[in-house]
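S.K.: Spelled out from the first residue to the last, the chains are:
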Amino acid sequence: MKEQVKEGRKKLEEELRVLLGNIFVPEAKMFGMACGCVGFTSDLRGLQSDDMQVFREKVTTILEEISESVGVKPEFIYARKLPGTEEVVSLTARELCERCKRELAGSKSSPRPDIVVLKKKKSGK
Amino acid sequence: MQLMIPHPGHFSALKEIIEAKEAEGMKEVVEVFMGGSPDVMGSGRGVLHAPLIEEISEQTEYAHQHGIKMNVVMNSPCTGGHHLTFEGYKMFKWYFGELNKAGVDAVTVAEPYLVELLREFPMKTVVSCLSYVDAPQRAKFFEDLGADMITVDTNINRHFDLLKGMVNAVKCDIRLIVNEGCLYKCPFRYPHYNLASHLSSLNQPRAPLFAPDFYFDKCINIRLRDPTQIIKSAWIRPEDLKEYEAIGIKGFKLSGRTKAVNWIIDCMRVYSNRAFKGNLLDLLDCPQMLRYMFYIESDKLEGGIERWKSCKKMCNECGYCSELTKEALTYVK
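These protein sequences, in sequence, are chains A and B.
If you count the first sequence from 1, position 93 lands on 93 in this note's numbering, and the numbers rise without skipping.
In short: position in the second sequence from 1, add 1000, done, that's this note's numbering.
Extracted from the complex, chain B is given alone in its bound form (with noise of 0.2 Å):
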């Protein structure tokens, strides 16, 4: 098993987490990743930080002295077509050189572009999952496009067929985030991370937003009148990653680098043991606030990975994970 960890941004944050790893002997965390400059392209999640090169290098240096793997997050789905001006491609092109001479080891990126843009630098291309890659055929083709580590759709983490599929179809890594709580099949997924790409960046919208959280608000009141559509988010257990490394995925992303460092070494330290006892909504990186609203019972959700293995997700007919909620869910009083 392999562990991505998210890094907020700031130096202090790496240099805490690389303690936390080193003093608990986690092996498997092997990389970090942070967001790059919001200058150069925004992002799916919040830019919190805006890191210059020579930041990025010395954090990069720090990383390599302690074992660790340094990946620069561009993973905006929508740059406006930026990319495909010469003052966007003169951009990137340098942005990269850069990232490069930093000693950076990966990029990931969601535009298909850049992707290809990436083949001229030594650094691993990873897809972000904002690429929404949920198919062997899609897999595929960003291979072809130069990916050296896919990362996975979130919406079909329980679709094992699609991704045992992916793994025969494809020789590069794939890679599963497993503490996402997104909506499974949300409506607002694709406008979401558009929205958001425009936000942390300089391409702003023209106008203020007389809705900046439309889709965040959307997404909390769907949960909170239907709570079932927590147990039917993508998250992976720490106990169920055995599971998704019997079908051959190694590889593990803890989403967060938008949250507390401590928050942050938390996750890193039940998903290194495997193994956690608690509200599972702790774990999971977004909606953090339905924590304070509801509380999931972990141990209460053993063995649902086996009915979702073979699960059809249809929905309408089934009821398990209604089920499930009744078992598993108490409200917080």
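With the rest of the complex left out, here is chain A (with noise of 0.2 Å):
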């Protein structure tokens, strides 16, 4: 697992490179959360939020490779931004508890303003 993790940090950091520029992806994690959500994140500097919208289709397809390749189901893959400006922070690919999928990802709006949701899995499927 650990090699996939360093790989998925790799691909990410050299696809957003080809694509955009000098975006630098310092560090990437799986995570488990209390609730029971699991995922895969990646903080990530450089990025902002408006040339990740012209890149969304192929920034998503990156993020759902890469969380497949961990073993994370790619329910919802969400790009944070840094409260008030459009700097990208993180993304996220994550695979939702009950809980999480009707609170964080069952709004028909983003569920917080920092949030730019990319892909959410459709309910009932």
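Since the hints were derived computationally from the structure, they do not count as laboratory data.
Source: prediction; values computed, not measured.
Ideal Cβ positions, reconstructed from N, Cα and C, are used throughout, including at glycine.
Where hints are given, some of them may not hold.
Covered stretches of chain B, as calculated for chain A (at least 3 residues, CB under 8 Å) [what the hints assert, rightly or not]: (1) 1013-1025; (2) 1042-1052; (3) 1127-1140; (4) 1260-1272.
Two independent chains are provided; combine them into the complex using the hints.
M.R.: The following block contains the structure:
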């Protein structure tokens, strides 16, 4: 697993650099939360929300591939912005617990203003 | 009863909150509140959005179309003295003027100087719970400064004598926050909110902090070691709102503007319906993470309010909350 996480970090950084120039991914990790969610997340520097929107589909696909490589179903993929700015500071793919399916991914709007939802598995699927 | 609802700040969230309110006929919901621009001032809560005046104007217009008032929260308890500089004075005055032109109905502030400055504008002045109004005398001071509404320090949510005294002492409206889970008489309350004020503003500490979550971590640790502290906190069960209405308090504010939209809507529904079955911790804004550790059966807290109404807060002599904790709290497996 640790090789996949290391590879995932490297792949994300390399592919974002090809698309967007100087992007740095200082850290990538898998996580398991008390609520039941598991996921893959990567810290980012150099990426802005507008740029990410242009390559939204491509960024989502990269995250899906990395997520699956570490055994996480990419049900909910999102970017987190530094609050009040357009700087994207992390990208996360998450396999959701039942509570978060409703609370986090169940609203029509983004659950919070600092979260940009890139992919959300439709309910019932 | 009037309910004030937290709004995370993005327009789509406001639309969803109002859509739920209208679909389910929640007439008690009269106001939403959102943070202002962190370029002007920090906030008692984390700032997740930095709305420009134009956006505030659009959202206010939308809220008004649906019969909802807009309140902009600028409740930093510490500006580092910026408000008392000529630059700060001009900035706050300019910003209040812009909010007024945007149609905003009310501004929530904690700093007494800003309470007074807001007298120059027709918007209502709401005193934040971070002004720590915890006695009739303090309420009177703020009313004299220009307060139209006072959000009471949550530490006295169960001090009915003080609440009654406050209602009698002032003409302005009194509001209570119903779902804050902070420690009763928390030793970290003032420094934590001062720190949050700086971290959510441009007026940052000069060097990186080695422990930006120091107070939060301490607060969680205390409750994990002593869950009775959760029961002693200032939350108000939806079923118990009537006890406060009986002493003349009609305004109830939900905390949670940094939380997910669907969680906010759930809480709005529960307090509007005045009934809840389940884990009380699901309703508390902060700290939310405890709901994954503890389960507090809300039904088993029935009747607690009768005890707290006359409670002298001499915890070392009483033990009621410890007994209630044993009855109502279990560990999530």
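S.K.: Look at each hint and say if it fits the structure.
M.R.: We went through each hint and held it up to the structure:
1. 1013-1025: holds (count 3)
2. 1042-1052: holds (count 5)
3. 1127-1140: violated (count 0)
4. 1260-1272: holds (count 6)
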